[in-house]
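Chemist: Now for the letters of each chain:
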Amino acid sequence: MKYGYYPGCSLEKNASAYHDSAMAVAGPLGLEFNEVKDWNCCGATEYISIDLIPAYALVGRNLALAAQQNSNGDSNQLAAPCSACFLNLKKADQYMGDSPDLANTVNTALAAGGLNYQAGDVVVRHLLDIFVNDVGLDAIKEKVTKPLYNLRIAPYYGCLIVRPGSMGSFDDPEYPTSMDHMMSALGAEVVDFPLKAHCCGGHMTQISEDVALDLIQRLLKNAADYEADAIVTLCPMCQLNLDAYQDNVNKKYGTNYNIPILYFTQMIGLALGLKPEDLGFGKEFIDATPALSKIGAEVPPKAKKKRQSKEELPMPVMPQES
Amino acid sequence: MTDEKIGVYICHCGTNISDTVDVENVATWAGEDLEEKGVVVSRDYKFMCSSLGQELIEADIKEQGLTRVVVAACSPHLHEATFRTACDRAGLNPYLCEMVSVREQVSWVHTDKEIATAKSKALILGGVERVALHEPLEPLKVPINPTTMIVGAGISGIQSALEIADSGFPVVLVERDSSIGGHMAQFDKTFPTLDCSACILTPKMVQAGNHPNITLLSWSEVERVDGYVGNFTVTIRKKARYVNEDVCTGCGICIEKCPAKVIDTEFEAGLGYRKAIYRNFPQAVPKYPVIDVDNCIYFQREKCKACQIFCPTQPNSIEFDQEDEVIQVEVGNIVLATGFDLFDARRIPQYGYGRLANVFTSLEFERMCNASGPTTGKVFMRDGVTTPKSVGILHCVGSRDKHYNNYCSVICCMQSLKFAHVVKERTGAEVYNFYIDMRTAFKDYDEFYQRVLEEGVHFIRGRVAEVTDAARLPGEEGKLIIQAEDTFIGKQRRIPVDMVILSAAIEPRHDSNEVAHQFGISCSTNGFFTEKHPKLDPVATMTEGIYIAGCAQGPKDIPASITQGAAASARVLGKIQAGELALEPVRASVNQDICSGCRICNNQCPFNAILFHEDRMVSEINPALCQGCGTCVAACPSNAISGTQFSNEQLEAQLTGLLALNIDGSSVRVLEPVAAD
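If you're matching them up, the sequences are chains A and B in order.
Residue numbers for the first sequence follow this note's numbering, beginning at 36 and rising by one.
Residue numbers for the second sequence follow this note's numbering, beginning at 21 and rising by one.
Keep in mind that the hints were calculated from the coordinates and are not lab data.
One or more of the hints may lead you astray.
What the hints assert, rightly or not - 30 Å max Cα-Cα, derived DSSO-like pairs, lysine-lysine: (1) A:K318 with A:K48; (2) A:K256 with B:K444; (3) A:K287 with B:K323; (4) B:K511 with A:K345; (5) B:K398 with B:K209; (6) A:K345 with B:K209; (7) B:K398 with A:K345; (8) A:K345 with B:K422; (9) B:K444 with A:K287; (10) A:K256 with B:K325; (11) A:K345 with B:K224; (12) B:K444 with A:K345; (13) B:K409 with A:K345; (14) B:K422 with A:K126; (15) A:K345 with B:K325; (16) A:K286 with B:K25; (17) A:K345 with B:K307; (18) A:K256 with B:K281; (19) B:K552 with A:K345; (20) B:K66 with B:K409.
As the list claims (entries may be wrong) - Which chain B residues face chain A? A few, computed with CB under 7 Å, are given here: (21) P369; (22) R402; (23) R492.
Where is the CB? At the ideal position from N, CA and C, for every residue including glycine.
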């Protein structure tokens, strides 16, 4: 399976672990990512809030480059690992299709560089979507050699990848579960993490740290309440905020959280038996080693759903149970 | 030049038509310019449908010897019958009258008077050309079988059955479940009077079960419907109960002795247990239990037979070798009262149903309140022992939400108020109702709302964002937190509660589309059965002899379901009393000399009216089933099918008339004539 690949700025620096692990697991799972040559920043969340036309021109250039690169018939699928990049690329593609005026303006700008983009030329996909729906959980499960038994994982999606739902998202926009199922497939114990789609604060850490720390603290507290060994995410921003600001949260709130924040691609790599150093482990602020040492070789005994008492009323049957 | 004498009549419809169409001009034009088409009289009149208007036409037929009539007014759906009857009174065959819609198709959809006037002329010319080729027709008469089948024995179906049976006519009442009663049998109290649901329902169930004119087929499903109004042949599958109804006394010992206990996801809405041999509730009608094969130890592992061993009847009532029985019944009319399904609250994961133990659906809560339910009527949390100190009730779960159902489910506001009252009364807990709008229309409903307000229930206007167990603020630990925007104060609120009740939407039955197809009726886009007319005929369907009642037609409460059930019966009784039915003679027929037997038309017919003679390799149309839609006429590649009132010649003549006119000297053209080869 071939894909265009738009890494985005984060994956070159702070989220290099995400990039390294994604590339490391691609081969064993039969994925080929061809990086878009000469790509530029997607504008993140800031540019789009200031001036739409240059913001979309900035994103449009990446789409045009990807389309050009794919025009040799390879694949019109463009993979984006970062949630913000993914949303910006997808939005630009959608809005250029919805509004011919916007498309004309953007294309006038792109023409200066000899480029052109028509909505729909490229299908923008998030990395998680590709792993879950193209590779498939069964195929991943088959390749698992070192299951993540005994590791309690809180899957954290952040607010961008499945929203807005109106743009045709690959998972439920309010309560996504695709990464939950993937972590189960890897053998991990998955926490039903209530705040899985809540905001990490984004760039609020730079503007109003108090607000950001409150949002980060909520997530850490909830994961700790659920006794998660690690929070697994799919977004460089979420990873950075929860990882790098965990100390600040502890200082401000007098807490003692020590939860490693990892990428789902790193977890896939571990389960496939790849070496941690090839998966970017060691670059996180909160050391993942103690958590990873919990992974056991034995299949944990299945927690039987026992009726606590004669009086207890049955729980609703969920589709995956029946 | 034709020999016909045609009268053209243009209606003002008050000002509905005349505001947009120059009716006087049209009348003058028709009288002068269409003289060579045979028009001998042309008039406009304020209300053509009034007695005076009709008399105008009748007088012209008698005095001027009209042989054809064209009425340009509203849609034929409304007044075709009126004008046809007027012609009939004056001695003209009613099918020699043609209606042209210049209201729905012209004045209501145009604003430019010049264009509207020109379009009216084109439509009238089409009508004049067409009516000249009409032939006098006689209506078809079919006898009506006095037996009625009612599908679905919820409150609406039961009411319908009793009305007809009490009038002395036979009814076949078919119910898919093992007992009649429907959803109402699951409820505890009914709003706004708070009388016990079972107390008012069970007498009707007993009446229906014992009525000499009602044949009750429970645990049965309709498999196939053939025939047409007055003469349906229905194939019904009586599913094996594995209990002999002729000997079983309903003593219930088998149920008591059965060792297989399973969660009852149907009658108890998943909140309680039943045995593998069971009946829904103590007052079930009929009283005979049924074996759930999937959970029966004998059927799964070939041992046990406890029910048979302990059965006290002679001979034994338990028959493990019983098989489904397929029977056929002949009926004249059918009432579909197939009810609703409850919205699956798991589809809104952020409300936590299925994940968070103390989130309940409305139906679960109904069972919990019910004295014969799993908690014998006590309001408990999921552990079955703890009384909640605070309860949140969410309205509009799956209703009025573009992600799920756009419509309002009608009952949820009142149901949620009822729940609020019951919780207050039985637990004294704080109750918070989260609503979008409070909809308490109908008799005594708003008074009930006032009463619940006075009881101290809290009302928060705002759709709930999520129900979570992620505690953040003091006092939230161990609680369910309801996060919602309070739109009255413009603030986000987090309300910690012990228990949440989701007032889930009323949805069409999951198989409503297949059922509609089976009976030859249609479903609206949201899946409820489509009535013939949303205001004027809400119980009939476009298929003659098929009526609908209750929630199958759309969300409604108990009084409305009963009203519609009774109304459907009134319509059926009218048909039965008439003894025979005159059908529109607008029918298609196959010229069997030309038919090539290609069978293309067979699958096109939406009314299953075309049968194929294998021996002679030709198709034939059953005139009693044919509704005159014309699909087969258009589909036939050999031109072997023609329709009375819509033959190729008639339609070509109408098109010729429609396309003959343009507005001279202006750029606006009503219709471009099709270039002839």
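Chemist: Against each hint, give a clear statement of whether it holds in the structure.
Modeler: Status of each hint after checking the structure:
| no. | hint | in the structure |
| --- | --- | --- |
| 1 | A:K318 with A:K48 | holds (11 Å) |
| 2 | A:K256 with B:K444 | violated (34 Å) |
| 3 | A:K287 with B:K323 | violated (66 Å) |
| 4 | B:K511 with A:K345 | violated (43 Å) |
| 5 | B:K398 with B:K209 | holds (14 Å) |
| 6 | A:K345 with B:K209 | holds (27 Å) |
| 7 | B:K398 with A:K345 | holds (15 Å) |
| 8 | A:K345 with B:K422 | violated (41 Å) |
| 9 | B:K444 with A:K287 | violated (42 Å) |
| 10 | A:K256 with B:K325 | violated (55 Å) |
| 11 | A:K345 with B:K224 | violated (35 Å) |
| 12 | B:K444 with A:K345 | holds (26 Å) |
| 13 | B:K409 with A:K345 | holds (22 Å) |
| 14 | B:K422 with A:K126 | holds (21 Å) |
| 15 | A:K345 with B:K325 | holds (26 Å) |
| 16 | A:K286 with B:K25 | violated (100 Å) |
| 17 | A:K345 with B:K307 | holds (28 Å) |
| 18 | A:K256 with B:K281 | violated (41 Å) |
| 19 | B:K552 with A:K345 | violated (52 Å) |
| 20 | B:K66 with B:K409 | violated (68 Å) |
| 21 | P369 | holds (3 Å) |
| 22 | R402 | holds (5 Å) |
| 23 | R492 | holds (6 Å) |
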